[in-house]
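Engineer: If you want the building blocks of each chain, they are given just below.
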Amino acid sequence: MKTGRPTLALAALLLLANHGTLAATRAAAPNLTELFARLALRGPAQVRFTEVKRLSVLTQPLRLEGRLEFRPPGYLAKHVETPAEEHYLIEGGQVTVSKPAERQHLQLSLADYPPLEAFAESLRAPLAGDLDALRRHWRPSLGGSWKRWLLALTPLGPELAAVVRGVRLEGQEDRLTRMTLEETGGDTSTLDFRPDR
Amino acid sequence: MTRHLPWLLWLLWLGVAGWIVLFRTPIATDLTYFLPRDAGALDSILVHQMREGPASRLLLIALEGGDSAQRAEASRQLAARLRASPLFESVLNGADAGLLRELEQRLWPYRYALSPAMRQGHFDPPALRAALQQRLAELASPAGVLQKAWLTRDPTGEWSRLLREWLTPEGPALDHGVWSSRDGHRALLLARTRASGFDLDGQSRTLEAVQAAFTQRFDGHPPAADTGPQDPSQLRLVLGGPGVLGVEANTLITRDATRLSIINSLLVMVLLLFVYRSPRVLGLGLIPLVTGVLSGAAATRFAFGGVHGITLGFGATLIGVAADYPNHFFTHLSPRETPVHAMRRIWPTLRLGLLTNVAAFGAMLFSGFPGLTQLAVFAGAGLLAAGLATRWVLPGLSGTRMRLPTWVEQGLPRPRLKAPVPTTARRNPPVFSAKHLFATCKALFSPSPGGRGAKGEGLKNRQCGKSALTLNPSPFWRGTCLDTRGIRPGWPNPRWLPPGVTLALLAAFMVSGRPLWNDDIGALNPAPAERQALDASLQQDFSATDLGKLVVITAADLEAALSVSESLMPTLEDLRRQGALTGFDLAARYLPSRASQMARLAQLPEPAVLARHLAEARRGLPFKADAFIPFLEESAAARPRGPLRREDLAGVWLADRVDSLLAPLPTGQAALVTLAGIRDEAAIRRALAPWRDRGVHFVDLKAETTRLMHDYRQEAIRLLAGSLVLIFALLALGLRGVTPAWSVLKPVLAASVSTALIMALACGGLNLYHLVSLLLVMGLSLDQSLFFNRDAADPEERRRTLLSLLVCSLGSILAFGTLALSAINILRAIGATVALGALLAIGFAALLAGRDRCG
Chain H
1 MKTGRPTLAL AALLLLANHG TLAATRAAAP NLTELFARLA LRGPAQVRFT
51 EVKRLSVLTQ PLRLEGRLEF RPPGYLAKHV ETPAEEHYLI EGGQVTVSKP
101 AERQHLQLSL ADYPPLEAFA ESLRAPLAGD LDALRRHWRP SLGGSWKRWL
151 LALTPLGPEL AAVVRGVRLE GQEDRLTRMT LEETGGDTST LDFRPDR
Chain Z
1 MTRHLPWLLW LLWLGVAGWI VLFRTPIATD LTYFLPRDAG ALDSILVHQM
51 REGPASRLLL IALEGGDSAQ RAEASRQLAA RLRASPLFES VLNGADAGLL
101 RELEQRLWPY RYALSPAMRQ GHFDPPALRA ALQQRLAELA SPAGVLQKAW
151 LTRDPTGEWS RLLREWLTPE GPALDHGVWS SRDGHRALLL ARTRASGFDL
201 DGQSRTLEAV QAAFTQRFDG HPPAADTGPQ DPSQLRLVLG GPGVLGVEAN
251 TLITRDATRL SIINSLLVMV LLLFVYRSPR VLGLGLIPLV TGVLSGAAAT
301 RFAFGGVHGI TLGFGATLIG VAADYPNHFF THLSPRETPV HAMRRIWPTL
351 RLGLLTNVAA FGAMLFSGFP GLTQLAVFAG AGLLAAGLAT RWVLPGLSGT
401 RMRLPTWVEQ GLPRPRLKAP VPTTARRNPP VFSAKHLFAT CKALFSPSPG
451 GRGAKGEGLK NRQCGKSALT LNPSPFWRGT CLDTRGIRPG WPNPRWLPPG
501 VTLALLAAFM VSGRPLWNDD IGALNPAPAE RQALDASLQQ DFSATDLGKL
551 VVITAADLEA ALSVSESLMP TLEDLRRQGA LTGFDLAARY LPSRASQMAR
601 LAQLPEPAVL ARHLAEARRG LPFKADAFIP FLEESAAARP RGPLRREDLA
651 GVWLADRVDS LLAPLPTGQA ALVTLAGIRD EAAIRRALAP WRDRGVHFVD
701 LKAETTRLMH DYRQEAIRLL AGSLVLIFAL LALGLRGVTP AWSVLKPVLA
751 ASVSTALIMA LACGGLNLYH LVSLLLVMGL SLDQSLFFNR DAADPEERRR
801 TLLSLLVCSL GSILAFGTLA LSAINILRAI GATVALGALL AIGFAALLAG
851 RDRCG
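Chains as they are written, first to last, in our numbering: chain H, 1 to 197; chain Z, 1 to 855.
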């Protein structure tokens, strides 16, 4: 069998190569626990964001820019700079909304607005690395690789599902890069994060 | 057979009355029964307010212990459970998001008729543009996801404006999203019960429901570990409000009254056993009392269809006068005659006493307060029945002879009186036989036209006694005077003592300057002081509406009342801005008058015009052209729909709030304005003064109730005076003469006035309970005075009379003395007054009586 030996060698090589790729792939795909453990290690974060809102009633998208601040485990603040200065603070189950231009200061309790609470958790839980809290409101599914992962959240509970179709979080390694909110009416809202310089 | 007839009839009557009372009589507990029947418009609003007004149905719930997160969670769960119960109209705890949805479903279509912003120019292009820009800004915020639903249908934001108006902006502070007290130690809930504050049964059912909901809040899982009652991590439920206080007061009074009644019944039974040494006598003695109470209840049932709980209590107390009747009977029994004859002997005096007592209580029949009329019927009928039972049933049941101890049969033994004992003749029974006496008396007492039943029987008594007993009338007669008069021989005549004491008290009272009458309805509040303090602190936490002061608007019908309210709103707003009050609430805020709703709807332009304005306003803004088609459609439908009516609100929690702010009047409709945080009452009164002729009144409930108490008291005094005149007339008729009548009445008046003065000095003024007790004192002392003055020549008679009066007085003092030891001010007032009155009555009667009889 003069042709048999090269075929065998090729087969062996292919097998080895495949094995290697498989191993490489396994090493490159994160699972939820690992991802959240890494996210938790990140600690406090200060990022700049650009938000683009595409609403069905509007002819053009709304653009907002500002700063996002996170301090584990539960302090999340969104400081909007353009077009109008607004501050949204979530801490300890309370939301504080302040609009200095209109001298408006509002306090809401998240417990009274379950959709708001779920929405807040969809951002806070990954930043804090709190998988259990996330699972209370969302069904997460993770895909992609460590270099670019995609966390898709589908709503649990009918009240939330009536308002939100899903949330997509994209990131690299242990950093969150983009958050997309899809509402049931078709409106979307996309936040892009980049490190604060 | 005729001998048995009386008590057979009596048994029959007892049976019938008992059955009616026990099985066919509803017992009412509505406290407003004791408020006047009729009144002017303002008074009937007052009564309505106290019965069913927003103030009377508030239930303040506070949760203490644990940390604020635990309390907040418990507050939410408790609120959810209570809302599901039919006993509550509304339960608010600051977290009212769920109620919004319900509101939206019903009232959303009416937003253009209700919104106060619907004014001239509201739908012109500039105003529309400003509104659209605001909506754009809201869209940018994350919270805008909630308001987005309204955007395309309500771009001018009427609905959120209405919500801001309706949901209580002033309330307790928020902690974890629920109301909590200033110091942060309590989570607060405000519930409005369906049962009015005066419906004690309904209120206690409601309170039980709250307790049950609180203990079950862990959904069946018991609270973790029994860590003891003082563990701060355990949550505690604290309740306050008028209904709570009413129920607790009721429980306290019932419990205390029952306990004390048992004690004093035992004491009195011991006393009677000690005196009579015969349980049979005791049993017989209960007959008139039981008959009286049953008959009184049955009569009330016939006349009123039911008996009020308070009537039962007070009435049974007043019928306590009848407890003396069998005592008089038993102490006048002599071994020489049958009980039947003994009864015939004392019956005239007893009858006079009975009639005067009935006259005293019956005066209340003419009162304008249904509760007092019922009391008059109860006490009057009961006493009559008790008296008749004593006359007809008791002797028959006593058999031919009663075995009584010597001191009863002969009256008090001599040495106790400390008076000189002239001869031994009086000690031993007279020489002639009992048969002789029996025959003589029988001849005189046998049924004959002139003899029996005539009020002049007293005269016959004397003749009988004289001819039957005495060998030598004069010394005995004179001696008899010494018996009672010379209790302390050698002392100056103590007859000046009663009037002297009375005058001294009068002088002391004038000098002290204390008020005679205490018209403060708060003094009638039986709740203990610390309970009232707790309630006050709860109300502080809520800084809820000032429950004691409100504005009342009277008008011919609902529409007129609402439109006056609306025109008043700017004035009230001004007052709020100035800081005279922190807030106000009125029905017109939720249900505007038809006229103003139509005016608002008229501001909606024609659909084509509105579309044009909208297009112009939209220029330059990133809204799509067809974004607001829903708005155009809905606003076009608004005008044909018409205004919101009261019926359209049915089933929504706002309907309850609106109803509590409206009060129907016999002559029209009243609208109420509740005020919160009144800081400057004078400014409010000044601002409202010009509105008087439009039917707007500032009402201070406390001042009004004091005025009510005052009127009530005036009426009671008038009735009392009338009954005194009637009593005097009866006495004059019965005793055949004005002088004997006056001498009987003197000690009664002296004792009553002295008791009244002492109680006024001690308690800072007489109140309702004192008045009723004084009535009882008058009844008791009339009896005693009558017997003291009874024309009896036989010294033995007089000794017996003295014994019977001592027994009666001791019994009353014991019975009511125990009441005076109660912790509750009502029972204390009644007990102290009657015990003191009984003591003074017998003292004064003993001191004042007797001299007139002596030659």
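Everything labelled a hint here was simulated from the structure, so no lab data went into it.
None of the values given here were measured: they were computed from a predicted structure.
Be aware that a few hints might be false.
As the list claims (entries may be wrong) - Some but not every residue of chain Z turned toward chain H, in silico, with C-beta under 8 Å:
#, residue
1, Thr251
2, Pro622
3, Lys624
As the list claims (entries may be wrong) - Derived lysine-lysine pairs resembling DSS-like cross-links, with alpha carbons at most 25 Å apart:
#, chain 1, residue 1, chain 2, residue 2
4, Z, Lys549, H, Lys99
5, H, Lys53, H, Lys99
6, Z, Lys624, Z, Lys148
7, Z, Lys148, H, Lys53
8, Z, Lys746, Z, Lys549
9, Z, Lys549, H, Lys53
Unchecked claim - A few chain H positions that, by computed beta-carbon distances, are all more than 10 Å from chain Z:
#, residue
10, Arg38
11, Val80
12, Tyr88
13, Arg136
14, Arg139
15, Leu142
16, Lys147
17, Asp187
A virtual CB, placed ideally from N, CA and C, is assigned to each residue, including glycine.
Engineer: It remains to establish, for every hint, whether it holds in the given structure.
Structural biologist: Now for the hints, and whether the structure bears them out:
1. Thr251: Threonine 251 of chain Z check fails; min Cβ-Cβ to chain H is 37 Å, beyond 8 Å.
2. Pro622: holds, 5 Å
3. Lys624: holds, 5 Å
4. Z:Lys549 / H:Lys99: violated, 39 Å
5. H:Lys53 / H:Lys99: Holds - the C-alpha atoms of lysine 99 of chain H and lysine 53 of chain H are around 19 Å apart, at most 25 Å.
6. Z:Lys624 / Z:Lys148: holds, 15 Å
7. Z:Lys148 / H:Lys53: This hinted pair holds, its Cα atoms lying about 13 Å apart.
8. Z:Lys746 / Z:Lys549: Answer violated: lysine 746 of chain Z to lysine 549 of chain Z is near 47 Å, above 25 Å.
9. Z:Lys549 / H:Lys53: Violated - the C-alpha atoms of lysine 53 of chain H and lysine 549 of chain Z are around 53 Å apart, more than 25 Å.
10. Arg38: holds, 27 Å
11. Val80: violated, 7 Å
12. Tyr88: violated, 6 Å
13. Arg136: holds, 16 Å
14. Arg139: holds, 20 Å
15. Leu142: Its Cβ never comes within 10 Å of chain Z, the nearest being 25 Å, so this holds.
16. Lys147: holds, 30 Å
17. Asp187: Label violated. Min Cβ-Cβ 8 Å, cutoff 10 Å.
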